Amino acid sequence: GAGVSQSPRYKVAKRGQDVALRCDPISGHVSLFWYQQALGQGPEFLTYFQNEAQLDKSGLPSDRFFAERPEGSVSTLKIQRTQQEDSAVYLCASSLATGRTGTIYGYTFGSGTRLTVV
Amino acid sequence: AQKVTQAQTEISVVEKEDVTLDCVYETRDTTYYLFWYKQPPSGELVFLIRRNSFDEQNEISGRYSWNFQKSTSSFNFTITASQVVDSAVYFCALRPSGSARQLTFGSGTQLTVLP
Chain X
1 GAGVSQSPRY KVAKRGQDVA LRCDPISGHV SLFWYQQALG QGPEFLTYFQ NEAQLDKSGL
61 PSDRFFAERP EGSVSTLKIQ RTQQEDSAVY LCASSLATGR TGTIYGYTFG SGTRLTVV
Chain U
1001 AQKVTQAQTE ISVVEKEDVT LDCVYETRDT TYYLFWYKQP PSGELVFLIR RNSFDEQNEI
1061 SGRYSWNFQK STSSFNFTIT ASQVVDSAVY FCALRPSGSA RQLTFGSGTQ LTVLP
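Just so you know, the sequences run in chain order X and U.
Going by my numbering, the first sequence opens with residue 1, and the numbers climb by one from there.
Going by my numbering, the second sequence opens with residue 1001, and the numbers climb by one from there.
Where hints are given, some of them may not hold.
Unchecked claim - Straight-line C-alpha distance at most 27 Å; calculated BS3-like pairs for lysine-lysine:
(1) K57/X <-> K1038/U
(2) K1003/U <-> K57/X
(3) K14/X <-> K57/X
(4) K1038/U <-> K11/X
Claimed, not checked - Footprint (simulated), chain X over chain U, 3 or more residues, beta carbon under 8 Å:
(5) 1033 to 1045
(6) 1102 to 1109
These are calculated hints, taken from the structure and not from any lab test.
The model shown is predicted, which means the values in this text are computed figures rather than measured ones.
Beta carbons are placed, not taken as given, at the ideal position from N, Cα and C, and that holds for glycine.
Make the full structure from the sequences, and use the hints.
If you want it as C-alpha cells, here you go:
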C-alpha cells in the first residue's frame, strides 16, 4: 500500500482481556518496528523484525507482550491479560533496507492504535 | 546507551514568528544518525529530516532549517515565519550506526502557532 496501515485505530479493552494489534507495512519493506507511546511522551521501542525474523525484542515490557510476522509482511502485536499501564498508542514503522543503509531510506510510521484499558 | 533530551515541553508563538526547537543527545557511538519527526493530531509521525554524524553542514528546506553542532551534541530545528499548520508535536530522534536499528526519541515539544 501507499503507507503503513494499522488496525484497529482505537481499542478499548477491559483489564485482563487479550488484544491483538495489526500492522500492514509498505509493500516490500523488509524492516518492521513496533513502538509504544504513552501520553505526552515520545515513542519507545518495543521490537524489530527483519522479514519474518524477530531480531530484537529487548523493548517488550513483559512476557505478556508478543509480536509476530510469520510471512515477513503483516505483523501482529499481541498483549495478554491487559493492564491499565498498557494504555498507550502503539505505533508501527517500516523501512525498505535491511542493513545499516536502512537509515538512508528512513522509517515510515503508521497512525497507530490507541489502546485504552479500563 | 542513547538519550535524547527535548527540554522544551510546550512552546506557543504567534503566526509569522520564528521558533527554534532544541534537541540535545547523548551517545557513545562515534557514528550515528539524527532525525526530526512531526506528529500532528492525527497521530502519524511525519519524517522531516535525517542527518548523519559525519555531516555538520546546516540544512535549509523552505521555512525549515536545522543546526547540527557535534561539539555540543545538539541538533536544533528552526521554523521561520511560522504558520498555524505548523502546530504539532515535534520529536527529535537518534539512531546509532551499529546493529541496533531502532530510534531513540526525545519526549517531544508541543508547538502551538496562534493566528
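Each hint tested on the structure:
no., hint, verdict
1, K57/X <-> K1038/U, "26 Å, holds"
2, K1003/U <-> K57/X, "19 Å, holds"
3, K14/X <-> K57/X, "26 Å, holds"
4, K1038/U <-> K11/X, "24 Å, holds"
5, 1033 to 1045, "holds (count 7)"
6, 1102 to 1109, "holds (count 7)"
Consistency note: the structure conflicts with none of the earlier hints.
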